Amino acid sequence: MQFHKYDVVIVGAGGAGMRAAIEAGQRCRTAVLTKLYPTRSHTGAAQGGMCAALANVEEDNWEWHTFDTVKGGDYLVDQDAAEIMAKEAIDAVLDLEKMGLPFNRTPEGKIDQRRFGGHTRNHGEAAVRRACYAADRTGHMILQTLYQNCVKHGIEFFNEFYVLDICLTETENGPVCTGAVAYELATGEIHVFQAKAVVFATGGFGKVFKTTSNAHTLTGDGMGIVFRKGLPLEDMEFYQFHPTGLAGLGILLTEGARGEGGILRNASGERFMERYAPTIKDLAPRDMVARAMATEVREGRGCGPNKDYVLLDLTHLGAEVLDAKLPDITEFSRTYLGIDPVTEPVPVYPTAHYAMGGIPTNIRGEALRDNDNVVPGLYAAGECACVSVHGANRLGTNSLLDINVFGRRAGIAAAEYATEHEHVELPENPADFVVSIVEGMRSSTGGERIADIRTELQTTMDLNASVYRTEDTLKQALTDVQALKERYARVSIQDKGKRFNTDLLEAVELGFLLDLAEVLVQGALNRKESRGGHAREDYQARDDVNFLRHTMAYKQGIEPGKAHEKTPQQVLTADIRLDYKPVTITRYQPMERKY
Amino acid sequence: MTATVETAPPAGSRGPVPPAPEGSTTVTVKIRRFNPEVDSEPRWDSFEVPALPTDRVLNLLHYVKWYLDGTLTFRRSCAHGICGSDAMRINGVNRLACKVLVKDLMSGGGKATTITVEPIKGLPVHKDLLVDMEPFFEAFRAVKPYLMTSGNEPTRERIQSQADRARFDDTTKCILCACCTTSCPVYWSEGSYFGPAAIVNAHRFIFDSRDEGAEERLDILNDVDGVWRCRTTFNCTDACPRGIQVTKAIQEVKRALLFRRV
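Chains as they are written, first to last, in my numbering: chain A, 1 to 595; chain B, 1 to 262.
Pulled out of the complex, with its shape left as it was, chain A reads as follows (with noise of 0.2 Å):
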């Protein structure tokens, strides 16, 4: 085992982390973690673009997108957090411009802007230009710039350290984070890292669901630690369905498409979502988008010999705007369907794309113990964060904003704490739950297989806790993840070696992703209405009187302060207890939600 001190650790180096990185390596002494290469995490994934009222094109300011941001998300996003974001979204694409980020530019030569789903004028009058983008691959380019402003700064990174746990000590003040555990692939070693604060951006777990434009690697690692601590996690019943993944792959295909005009169509042609959101037609938020969708193919008017997609149609844009503004998706389009954009149009389909909820924090990027109390010295940013700034249902282009305002702002505060606060002592045996947790599975002889737990928890979540939900799909849902859990203690592999075993890694994750698969499950049933991405059918209306409010899920019974005394057997199978957390409310009061 190997041990190492820090003031800052900084677990994942996606956007988030190195935003954070950026600012916390400039301030004290910092390490980023990571289980993948940096330039490898999957907001080099993410296309369109990131907004911010910049007007450059046409009038805007940031109290329009606070009110998008806030009605996109259904009205349960904290407007405080959504303000916050929308203010500093201008100097959050400035700064990035400013570090390189070769942003599109206007014939004026200012940075571009392009329409997006439920960005508008004047609080819903008509779409505007707010997308600030490089081609369809501005989450590339903010990935790629990130990481070049990192070797700016000489940022220390273990690479391929995955992190496992951390360290919560016992105070006065309660539990306090003093550190993390991670695994290296190279060696299969143990290394502690002490640290005054730790800040997680660890990303999503669309892994949970079979259909999904996440990566191998999305399945909520960050998440699934805090959880099994006892700690909460806000709001994971809300996960959005992006209405255009390439059918039966569910690979992305921007909304910035139909930015530049593209157009959803069903068999017969017709131009469906102009009956769902009459405004802003295909241009509407991604749960109405996704639910439409899904609509079209149950009423029997999706195309194909099955009928079960329809058609995004970008043939009228032409083949010059398709290679200047969404060339990446044209490739994409052409390389795993075998379709050509520019001359016929693409088969889509809803596909999993994005968790809302995620470890609560405040503004500064502090994760939550409770309501009212933080863990002094833990951070989150990023997708695996909820401020709450996306609510039930995120906008198009604000996870790449909230990355960079959040991530900068947690990287900031780990810093600023960091510098005020001398460390405090590990609790004793730091590394003795991860231990036991890589040397039980190790060990086991169980004999069930990675692959078939996964591909059945991921095909129960597509089949009954995806776009639509029912109390009886949903019920069977936890029956088969809670069957599933049963089995994953007995799960073994089959590469028992120490240098580069992935085999060990896959085993892992698919302990964090059943353990997520609960929580969404179990948040989904105790919402009974729905609100955007969480859509009931048998609760189809939006019940502010009773659920105007945030979930908050705990593992039962564990002490944060005294986690690391239970065995991993004691801590997978905790039983989950829900609570609430009021929805801060400044400016806007809930309103019905029409398009």
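If you're looking for bench data, these hints aren't it; they were derived computationally from the structure. Just so we're clear, the structure is a prediction, and the values are computed from it rather than from any experiment. There could be a bad hint or two in this list.
Said to hold, decoys possible - Here are some, though not all, of the chain A residues that point toward chain B, as calculated from beta-carbon distances under 10 Å:
#, residue
1, Leu94
2, Gly100
3, Ala215
4, Leu218
5, Gly248
6, Thr335
7, Arg449
8, Lys496
Said to hold, decoys possible - Computed cross-link-like contacts, BS3-like style, restricted to lysine-lysine with a CA-CA straight-line distance of at most 27 Å:
#, chain 1, residue 1, chain 2, residue 2
9, A, Lys98, B, Lys103
10, B, Lys121, B, Lys248
11, A, Lys152, B, Lys144
12, A, Lys87, A, Lys581
13, A, Lys485, A, Lys210
14, B, Lys144, A, Lys110
15, A, Lys152, B, Lys254
16, A, Lys98, A, Lys152
17, B, Lys121, A, Lys498
18, B, Lys121, B, Lys144
19, B, Lys173, A, Lys98
20, B, Lys173, B, Lys248
21, A, Lys528, A, Lys594
22, A, Lys496, A, Lys485
23, B, Lys173, A, Lys110
24, B, Lys121, B, Lys254
25, A, Lys498, B, Lys30
26, A, Lys485, A, Lys475
27, A, Lys496, B, Lys30
28, A, Lys210, B, Lys103
29, A, Lys110, A, Lys87
30, A, Lys152, B, Lys173
To be verified - Here chain B is said to cover these stretches of chain A; the calculated rule only asks that three of the stretch's residues, wherever they fall, bring their Cβ under 8 Å from a Cβ of chain B:
#, segment
31, 35 to 44
32, 145 to 158
Glycine residues also receive a C-beta, built at the ideal position from the N, C-alpha and C atoms.
Mind docking chain B on chain A? Use the hints.
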């Protein structure tokens, strides 16, 4: 080196494999294996895998790992050609395993198909298809791949014309997968050469109108291990999964060095 064909599932694998999907054919995936923990030298393992024409090679590797041999080791993440994790030598050429479809590798005329997969060349093999990327990233970092400017920053964005932005568009697409660098014969024989990817990333800044570090980077690339090592074999351009005109970019850097003008 011995070629072995696996007929039975390797020791430790359990349970039946999932039913082959409709329309699939069986292909042989022949993989270069090496685990320094247990092997004294590399070997080839072959696996019979059901494959659909639209499957990516990555799907086949997953099938092997998930159902036949859990010790098979490779990197992958996004699975659609964006993250750059799964560069491999597939049937002798550098490709991303997630961007090559089986239908493009099928033998014609009903002949049995064999797909060979090896690690990319020129970087030390850690295990199976997984190589040490550190020398590659070291070369990347050496060309100062970040915007260099002087003076006070503007309040708003820097102004850049559409033509100036277009000047370096091609090289902004790089995903650092190493397909180009590890397809370069010069890189194979002289590991000290910066390699195409590093030069591509230098190009991305040298030709960015906002950048003031061109001289510094050109000096670095004028080094004995710099652009002059390039023999214009075009392997890099052929290998780039992003379609970057890599050789052209290298030539433009050479020209900038000759005329000290970008």
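Q. Which hints from the list above does the structure break, by number from lowest to highest?
A. 9
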